[in-house]
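**Q** Listed in order, the protein sequences are those of chains A and B. If you read the first sequence in numbering that gives the first Met the number 0, its first letter stands for residue 0, the second for the next number, and so on. If you read the second sequence in numbering that gives the first Met the number 0, its first letter stands for residue 0, the second for the next number, and so on.
Keep in mind the hints are simulated off the structure, nothing from the lab. Where hints are given, some of them may not hold.
[As the list claims (entries may be wrong)] Here are some chain A residues pointing at chain B (derived, C-beta under 10 Å): (1) I72; (2) G78; (3) T88; (4) D109; (5) R131; (6) G147; (7) V149; (8) G157; (9) L163; (10) L181.
As the structure is a computational prediction, the values presented were derived from the model and not from experiment. For each residue, glycine too, the CB sits at the ideal point set by N, CA and C.
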Amino acid sequence: MTTDETQQEQTDTPVVHERTPDWTRTFGWATHTGVAGLLILLGLLGGLWNLGGLIGVVTWSGLVLTWLFFPTIAVVALGQFALAAVTPTDVALITVLPVEGLLLALLAVDVLLSEPLLFDKEGLNLQLPPLRVQAGLAYVGAVVVLAGTVLWVTDTQGLVAAGLTGAILVTTAAYVLHRSLLYALGQLPVETETARD
Amino acid sequence: MDVTRRYWGTAALAGLLTVWAVVLAQPFMLIGAAGIAAWLLSRQYQFVRLANQTVDQVIVTQRLDRTRVSAEETTVGTIEVDSEQPLAEPVQVTLSAPVGSTLSTDTWTIPAGTDHIRQHFEVTWPIAGAFEFEKPTLSMTDSLGLFRQTAPVGAAFSVTVEPRVPSNIHIGEGGDRIAAGFGEHDAETTGGGLTPAKVRKYVAGDSIRQMDWKATARLGEPHIREFEAETDLKTVLIVDHRATMATGRDPERKLDFAKQVAIAFADSARDLADPLACYTVGDGGLTRTFSLATNDDQYRSITRYLRSVEPTTTETTDTAEPSNPARTRQITARLSGTTPFETKLRPFFEDTEPYVQRIANQPLFAAVQTAAAQFDGTVRAVIVTDDKHRTELLEAVKLARRGSGRVVVCLTPTTLYEPRRLGDIETAYERYTEFEDFRRELAALDRVTALEVGPADRLAAILNRTQKRSEVSQ
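Go ahead and model the full structure; you've got the sequences and the hints to work with.
**A** As structure tokens, then:
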């Protein structure tokens with residue numbers, strides 16, 4: 000090995016490909032959802048105004064502040080409690096659904112766009128990783144299936160049964176994903192086949 | 000896959016919304032709970048895919064600059080992480096150091112966006128043995144800190160750590176190496192063996208079965224054939240590890256050489272299935288005793304103990320040797336007592352304590368005395384010590400050869416282990432000559448073999464330099 004090669008080896012440092020600068024950060028908007036989230040929040044303003052009037056607007060202001068400083072899941076969780084607070088007791092489910100949908104859309108945006116994108120090795124082509132699209136589709140699919148199931152069970156069996164059904168579905172799906180990863184990494188114990196006589 | 004407290008917090012939030020939906024009878028809150036649960040599932044799905052991709056595309060290589068090292072050495076290792084694509088999330092690479100080694104760093108965090116990294120680390124090997132570096136572990140966490148997963152990547156490799164032992168050992172007499180010190184031994188008696196020893200004339204009392212009929216017919220008078228006796232040679236190792244054995248630089252101290260010689264005798268005894276005993280002597284007396292035995296445990300235990308033995312420390316500063324009675328008598332005879340000086344000096348040469356009693360208190364002699372109690376039949380006593388306690392050693396050797404026993408004395412000449420003494424080659428040679436005189440004195444005793452043990456290069460330096468000087472003067 001020549002001296003130059005040795006020196007190069009000694010001074011080898013990590014090669015880091017810089018992430019894409021988020022333009023919202025350039026303008027000081029250190030938010031978690033960017034413009035899409037802002038549009039959804041504006042939609043929420045209308046929904047909450049419609050449901051709770053001035054109280055709805057005050058509640059919405061709290062959500063905006065949360066959105067600016069905390070991860071999206073905090074906004075959605077707070078939004079659920081805010082929705083319960085401003086919604087009249089006798090209102091129909093169909094009236095609340097648009098606001099609920101907007102809250103869940105915040106999570107969809109979080110899955111799709113919240114994280115900075117990566118440049119490829121040449122540092123030129125901005126790509127939307129297919130993994131994020133797949134995760135977004137998985138989210139939408141899971142919401143449709145879960146929400147549809149719990150609403151259907153609520154109609155037929157009641158709220159308690161719907162809650163239990165939802166919990167069972169989610170737990171099963173999480174367990175299957177957990178095992179699939181272990182299987183893919185070869186970390187599942189090999190089971191020997193029993194000999195069939 | 001492990002989940003974090005953050006995951007459980009979010010899951011609990013979904014559960015709380017479900018309970019609230021039931022309590023308040025508000026179905027829309029169930030939809031909110033379903034949304035949060037779906038978000039967790041999609042995050043989990045994303046992490047599962049990401050972890051799979053990362054493990055597939057990341058190659059971790061670990062290696063050391065050497066795979067054979069000496070104990071207490073430090074080696075430099077390299078860990079290299081290559082990824083086909085820049086990493087989407089930071090990962091941690093952890094090395095699992097084998098038990099008995101120490102790593103300077105064992106975990107590296109590879110930032111997101113990295114596709115190549117090379118880091119160096121140091122490994123210290125305090126103990127000898129065969130070690131294996133297991134596969135490095137890749138730890139991944141998702142960007143929100145909800146999930147964790149570890150997976151082994153790369154390949155394992157093994158390292159052999161050899162004990163620090165002196166090299167280039169000289170064992171010999173007067174600077175000449177002995178060709179063979181171990182192996183099968185002549186019992187020096189005749190008996191019921193298979194190897195013919197000699198043919199001699201028949202004497203009354205000889206067994207008729209020993210008669211050599213061919214020799215009798217050829218020589219015209221009765222002759223019998225004798226065979227070499229087959230006996231087990233009992234070997235008793237007496238190893239000195241007093242403070243004086245610490246002379247020299249690690250790992251080339253007197254004791255390091257002495258241990259190698261003692262281990263070689265133990266190995267030879269094991270190969271021949273000879274009974275072996277071992278006594279180790281420190282400044283305070285016997286430090287360990289292994290009684291005669293031939294089982295594998297005995298050989299293993301003795302060898303293991305000899306490897307670990309270290310010089311003891313002396314608590315007293317009185318290192319004066321008991322003087323030899325003959326020498327004392329000589330000096331006393333010269334003191335006629337005619338002058339006041341001689342009259343005053345004479346009492347100092349008169350024994351206040353019997354010589355035997357003074358010698359009996361010396362650790363090496365006491366050890367030989369203890370060991371001699373086991374001497375029964377053909378015994379070979381191997382005394383491994385230095386030349387610092389000459390009178391004591393001489394008496395110990397005389398004691399050890401009692402009966403039909405043979406004694407092998409392996410001596411480490413102090414002059415070969417003192418680095419500064421070698422600077423003055425003349426002085427070193429003079430000291431070596433004194434040692435050689437003492438060794439010859441021991442070797443002159445019946446059934447005693449006295450050998451010198453030391454670094455061959457230093458001994459050669461002393462002998463060559465002196466030889467050249469004598470050639471020049473001629």
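**Q** The structure should be examined with respect to each hint, and the outcome stated for every one.
**A** Structure-based check of all given hints:
1. Because the smallest distance between the Cβ of A/I72 and any Cβ of chain B comes to about 6 Å, under 10 Å, the interface hint for this residue holds.
2. Taken as an interface hint, A/G78 checks out: its beta carbon lies about 8 Å from the nearest beta carbon of chain B, inside 10 Å.
3. Taking 10 Å as the C-beta cut-off, the interface hint given for A/T88 holds, the closest approach to chain B being about 8 Å.
4. Proximity of A/D109 to chain B holds as hinted, the smallest CB-CB distance being about 7 Å (cut-off 10 Å).
5. The criterion of a C-beta within 10 Å of any C-beta in chain B is met by A/R131, whose closest approach is roughly 7 Å, and the hint holds.
6. Because the beta carbon of A/G147 sits about 9 Å from the nearest beta carbon in chain B, less than 10 Å, this interface hint is met.
7. Evaluation of the A/V149 hint against chain B yields a held restraint, the C-beta minimum of about 5 Å falling below 10 Å.
8. Hint status for A/G157: holds, given a least beta-carbon distance of 9 Å to chain B, under 10 Å.
9. The restraint placing A/L163 at the interface with chain B holds, with a minimum CB-CB distance near 9 Å, inside the 10 Å limit.
10. Interface restraint check for A/L181: the shortest CB-CB distance to chain B comes to about 7 Å, inside 10 Å, so the restraint holds.
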